[in-house]
Structure formats: C-alpha cells, structure tokens
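Note that the protein sequences, when read in sequence, are chains A and B.
Numbering-wise (our numbering), the first sequence opens with residue 1 and increments by one.
Numbering-wise (our numbering), the second sequence opens with residue 1 and increments by one.
In short, the hints are calculated from the structure, not lab data.
Everything numeric in this text was worked out from a predicted model, so none of it was measured.
Where hints are given, some of them may not hold.
Some chain B residues judged to face chain A by a derived CB distance under 8 Å, without partners named [stated by the list, open to error]: (1) Gly7; (2) Leu14; (3) Ser17; (4) Arg87; (5) Gly95; (6) Ile96; (7) Lys124.
With a Cα cut of at most 16 Å, we get these calculated EDC-like pairs of lysine to aspartate or glutamate [unchecked claim]: (8) A:Lys168 <-> A:Asp265; (9) B:Lys182 <-> A:Asp59; (10) B:Lys224 <-> B:Glu151; (11) A:Lys257 <-> A:Glu100; (12) B:Lys182 <-> A:Glu66; (13) A:Lys136 <-> A:Glu228.
All C-beta atoms, glycine included, are put in the ideal place defined by N, C-alpha and C.
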Amino acid sequence: MKRIVVLTVGLLLILALVSCGPAETPQTQEPEEQAPQEETLDPITLATTTSTENSGLLDYILPHFEEKYNTKVNVVAVGTGQAMEMGKNGDADVLLVHAEATEIQFVNDGYGVDRHRVMYNDFIIVGPEDDPAGLKEAAGADAAKALSMISEKKAPFASRGDDSGTHKKELELWQAAGVEPAGDWYKSVGQGMGATLNFASEQKAYTMTDRATYLSMMDNLDLVILVEGDEIMFNQYGVIKVNPERHPGINKKGADKFVEWIISDEIQNMISEFGKDEFGQSLFVPNAD
Amino acid sequence: MESIIQGFQGALSLIFSGDREVYSIIGLSLSVSLVSVVISMVISLPMGIAIGMKEFPLRKAVVMVINTLMGLPPVIAGLFVYLLLSRSGPLGYLGILHSPKAMIIAQVLLIIPIITGITMAAIKDRGRLIKNTAYTLGAGKIQMLWTLIREFRTSIGSSLIAGYGRAISEVGAVMLVGGNIKGYTRVMTTAIVLETNMGNFDQAIAIGIVLLALFFVINIFLQKFQGA
Chain A
1 MKRIVVLTVG LLLILALVSC GPAETPQTQE PEEQAPQEET LDPITLATTT
51 STENSGLLDY ILPHFEEKYN TKVNVVAVGT GQAMEMGKNG DADVLLVHAE
101 ATEIQFVNDG YGVDRHRVMY NDFIIVGPED DPAGLKEAAG ADAAKALSMI
151 SEKKAPFASR GDDSGTHKKE LELWQAAGVE PAGDWYKSVG QGMGATLNFA
201 SEQKAYTMTD RATYLSMMDN LDLVILVEGD EIMFNQYGVI KVNPERHPGI
251 NKKGADKFVE WIISDEIQNM ISEFGKDEFG QSLFVPNAD
Chain B
1 MESIIQGFQG ALSLIFSGDR EVYSIIGLSL SVSLVSVVIS MVISLPMGIA
51 IGMKEFPLRK AVVMVINTLM GLPPVIAGLF VYLLLSRSGP LGYLGILHSP
101 KAMIIAQVLL IIPIITGITM AAIKDRGRLI KNTAYTLGAG KIQMLWTLIR
151 EFRTSIGSSL IAGYGRAISE VGAVMLVGGN IKGYTRVMTT AIVLETNMGN
201 FDQAIAIGIV LLALFFVINI FLQKFQGA
C-alpha cells in the first residue's frame with residue numbers, strides 16, 4: 001500500500017509541476033495588460049517555410065500582430081511543398097511561402113485567394129573556403145555558370161531535395177545551366193535549410209541557400225559566399241489566404257487581418273530593419289504590392 | 001567535443017534559467033507523455049490481462065498483430081493521425097490537428113501495443129495459476145484484478161516505463177501532428193531537432209540532457225511502485 005501512496009504522490013507532483021507550466025491553449029494569455037486593441041481574433045495558423053522561422057524574422061514581427069489583435073499566431077514551419085499541401089487541405093489559415101510560380105498556380109486552382117507579394121531576399125551559392133571548383137575566380141555573379149562548373153568538376157553539392165521553394169529554385173538553376181544533376185557528387189539531403197548547411201559544412205560541399213539562413217548560422221559554418229547578386233537568384237515571398245469557400249472551418253477573419261497587417265507600411269518598415277543590428281545588413285527587402 | 005561540454009553547462013543553465021519558454025517545452029513533454037501513458041494504460045492493462053489469460057479463436061493472430069505494432073514506426077503513426085485529423089480527413093471537423101490533443105492521440109497509438117504486449121507476455125505463464133488460487137481463497141472479480149496487478153507489478157511497471165520512454169523520446173509523430181509550434185506544441189524532442197537544424201548543437205545537447213535527467217527521475221518513482 002505504501003508504494004501506491006508514493007506513486008500517487010509522485011504523479012500528483014508531476015501533474016502539479018505541469019499544470020503551472022505550459023499554457024495548454026494559446027487563448028489563455030492575460031488580456032488585461034495589453035495596449036489598446038482594435039479587437040480580439042481567434043488564434044490563426046500560419047504555414048510558412050523554415051527560412052522565415054529559422055532566420056528569426058517571425059519572432060521579430062509576430063509579437064506586434066499578437067499584441068494588436070490579442071491573439072496567437074501558431075507557426076507551422078515546413079517546406080513550401082508541405083505548406084501548400086496544408087493550405088489545400090485547409091489545415092492552415094494563411095500561407096507565407098516563396099515559390100512564385102507555384103503560388104500563382106495555387107490561386108488559379110482555387111485553393112487560395114488574395115495573394116500579395118511581401119518581401120524578397122536572395123539566394124547565394126556557398127561552399128568551402130578552398131573552393132575546389134574555382135567558382136570565385138571564374139563564375140563571377142553567374143549562378144548557372146557556377147553550377148555547370150561544379151558538375152564538370154564533380155565537386156560535392158548538397159541539395160535540399162525536399163520540394164521546398166529553395167529546392168525548386170535550385171532545380172530551376174540546374175535547368176538554366178543545362179545540366180541534369182545526378183551522380184555521387186550530388187547529394188540530396190531531404191531536410192531543411194539549416195540541416196543542409198550543416199551537412200555542406202561537414203562534407204565540404206557546395207550548396208545554394210537563402211542569405212538569411214546563411215547569415216544567421218554563419219558563425220557555426222565552414223562555408224563562404226562564392227556567388228551572389230544574380231537576378232535569377234532573387235527569392236520572392238508571397239502571402240496567400242486559404243480559400244474560405246473550400247474550407248469553412250478556417251479563421252477567415254484572422255487571415256484577412258494578417259494579410260492586411262503584413263503588407264501595411266508599418267510592418268514593411270519593420271521587415272526592412274530586421275537583421276541590421278546583428279548582421280549589418282537587412283535580410284529581407286520589403287516590396288508589398 | 002566542445003559542443004558536448006558546452007551542452008552540459010547549457011543543461012544546467014537551462015534548468016535554472018527561469019525562462020518560461022524552456023519550462024513550457026519541458027512541461028508539455030511531460031504532460032503530453034503522461035496523459036498518453038495514462039490513457040494507454042487504462043485501455044491496455046485489461047486488454048493485456050485478457051489476452052494473456054484467456055484462450056479464444058485467432059488468439060495467435062492477435063498476439064502477432066500486437067507484437068508487430070510494438071515496432072510501429074512513429075512517423076507512420078503520425079502520418080495516419082495527420083490524415084485522420086486534417087480538415088479534409090474524416091475527423092477534420094474536430095479541428096485539432098497541430099494541437100497537443102493530436103500529439104496525445106498519436107502517442108496513444110504508439111504506446112498501446114507496448115503496454116499490451118509486455119503485460120500479456122508476462123501474465124501468460126503464471127496468470128491462470130494465480131487466478132485459480134485467488135478464486136479458491138474466495139476473491140471477487142475486483143479483488144482478483146487487484147491481485148493480478150499486484151502480482152505482476154514488476155512487469156506492468158516495466159511496460160509503463162517502456163511506454164513512457166517511447167512517448168517522451170519520440171519525435172517523428174509529434175513533429176508531424178503537432179507542427180512544432182513555438183509555445184504551443186513544441187516539446188523537447190522537436191526543440192532538439194530545431195536547434196540542431198539551426199546549428200545550435202550545444203543547445204540541442206542541453207535539452208537532451210534535461211530529457212534524460214527527467215526520465216531518470218520518473219524511473220525512480222516507478223521503481224518504488226514495482227518494489228524492485
């Protein structure tokens with residue numbers, strides 16, 4: 001019997017510890033200390049790419065929205081492919097992704113409505129400092145040329161390989177270079193940008209990355225920027241509301257407010273400031289339309 | 001090597017940081033796994049005892065299915081629950097995808113076979129003997145179940161530890177159905193993945209050490225229950 005008592009007390013202790021721990025539901029934040037709010041919104045689910053979360057941008061701007069509307073934004077950070085799929089299934093209210101052609105298709109197919117440009121950053125090609133394929137001297141800013149040089153040398157190249165926006169952009173570049181990437185040197189990692197950069201750093205491989213993720217992780221990587229500034233490497237982010245007619249259960253009002261908010265002048269200014277303190281340059285360039 | 005040493009330092013400073021986010025991650029890991037184990041226990045103990053003690057047609061097939069499910073890949077359980085709870089899935093109207101509830105459902109699916117499997121295997125040999133003895137001594141149904149649970153507390157305890165261990169260390173399923181949402185569905189394992197992806201290896205190790213330490217404490221409690 002004594003053991004049962006010990007066990008019960010133990011479980012109760014754990015329960016007590018737990019119940020004063022996390023906010024089980026996101027709605028339970030204390031409303032009384034907030035600044036004057038316009039109105040209160042139900043929590044919204046934002047499906048976005050790992051790059052916006054890993055770079056820290058969302059942590060920087062979202063508290064503004066959450067305070068203004070006394071709500072909570074549940075961020076699910078996945079690859080663009082999965083984010084779009086979440087939108088199609090109605091498992092998110094609003095998307096913040098970067099694959100312009102796919103996004104337009106998504107809206108045309110009736111899965112999303114009211115798409116806006118939000119901001120862009122750019123992709124860069126990074127690689128080991130000793131640069132075995134010699135990109136630094138010979139490729140200049142020409143990204144396609146850089147890729148064909150890598151494939152000629154069969155220098156290791158790490159690809160996201162996860163159907164993300166970045167992966168799609170990379171495939172677009174290979175196409176521009178007229179190379180079918182295949183072989184031992186072409187390593188498809190199947191993970192997020194951060195994991196792929198770690199992999200490239202460990203394996204002394206080249207990879208293509210968005211500048212934001214690279215800058216935020218630079219200190220932990222043995223990789224340097226080799227090719228940058230090519231126009232084809234610009235990376236446009238768009239915001240799309242999931243079509244409420246297809247999925248009546250989604251938070252339409254929240255999605256409306258979110259889009260209105262992220263393309264407002266105030267937030268666009270905030271985006272252009274993000275990163276200046278830490279990296280001396282902004283990571284994203286706002287260009288809402 | 002440096003990362004590992006920093007990880008140990010990091011683990012200590014995490015525990016005593018007073019950082020609400022860290023506590024909420026630890027708390028959610030503990031509570032989601034605890035609730036999952038309790039729910040699974042309520043379902044699995046009677047099931048394991050029944051399958052272990054009784055003869056019935058297709059018993060071998062049932063045992064085989066349970067043993068197979070003990071090795072169910074978590075990410076498959078996660079995918080299954082994901083498709084079930086997706087707004088375009090059969091239970092989509094509940095709207096609980098990407099919530100702690102969804103994580104509990106996935107974990108229960110993973111733990112039920114473990115607790116059931118271990119219980120039924122343990123009870124098979126001596127169960128009937130104990131049952132007959134208890135009957136001879138005039139025990140009722142409830143007393144009987146109690147006697148069995150007491151007699152087999154070591155095995156049942158092991159099955160609970162195994163189940164809890166599976167739940168709290170699992171990452172694939174909770175990542176998929178929980179979505180690793182900061183402050184809402186982020187647990188220790190998904191936080192470790194995120195920190196690793198962001199290259200913060202020392203932070204990842206630190207959370208890992210906290211996870212192990214907590215599991216150790218939980219084991220101590222369960223040992224007391226087992227009387228081992």
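Here is how each hint holds up against the structure:
1. Gly7: Since chain A brings no Cβ nearer than about 14 Å to glycine 7 of chain B, farther than 8 Å, the hint is violated.
2. Leu14: 14 Å, violated
3. Ser17: 14 Å, violated
4. Arg87: This interface hint holds because 3 Å falls under the 8 Å limit.
5. Gly95: Since chain A brings a Cβ to about 6 Å from glycine 95 of chain B, closer than 8 Å, the hint holds.
6. Ile96: The hint is violated - isoleucine 96 of chain B has no Cβ within 8 Å of chain A, the shortest such distance being about 11 Å.
7. Lys124: 25 Å, violated
8. A:Lys168 <-> A:Asp265: 30 Å, violated
9. B:Lys182 <-> A:Asp59: Status holds; Cα separation ~10 Å.
10. B:Lys224 <-> B:Glu151: Holds - the C-alpha atoms of glutamate 151 of chain B and lysine 224 of chain B are around 15 Å apart, at most 16 Å.
11. A:Lys257 <-> A:Glu100: With a Cα-Cα distance of about 22 Å, the restraint between lysine 257 of chain A and glutamate 100 of chain A is violated, given a limit of 16 Å.
12. B:Lys182 <-> A:Glu66: 14 Å, holds
13. A:Lys136 <-> A:Glu228: 10 Å, holds
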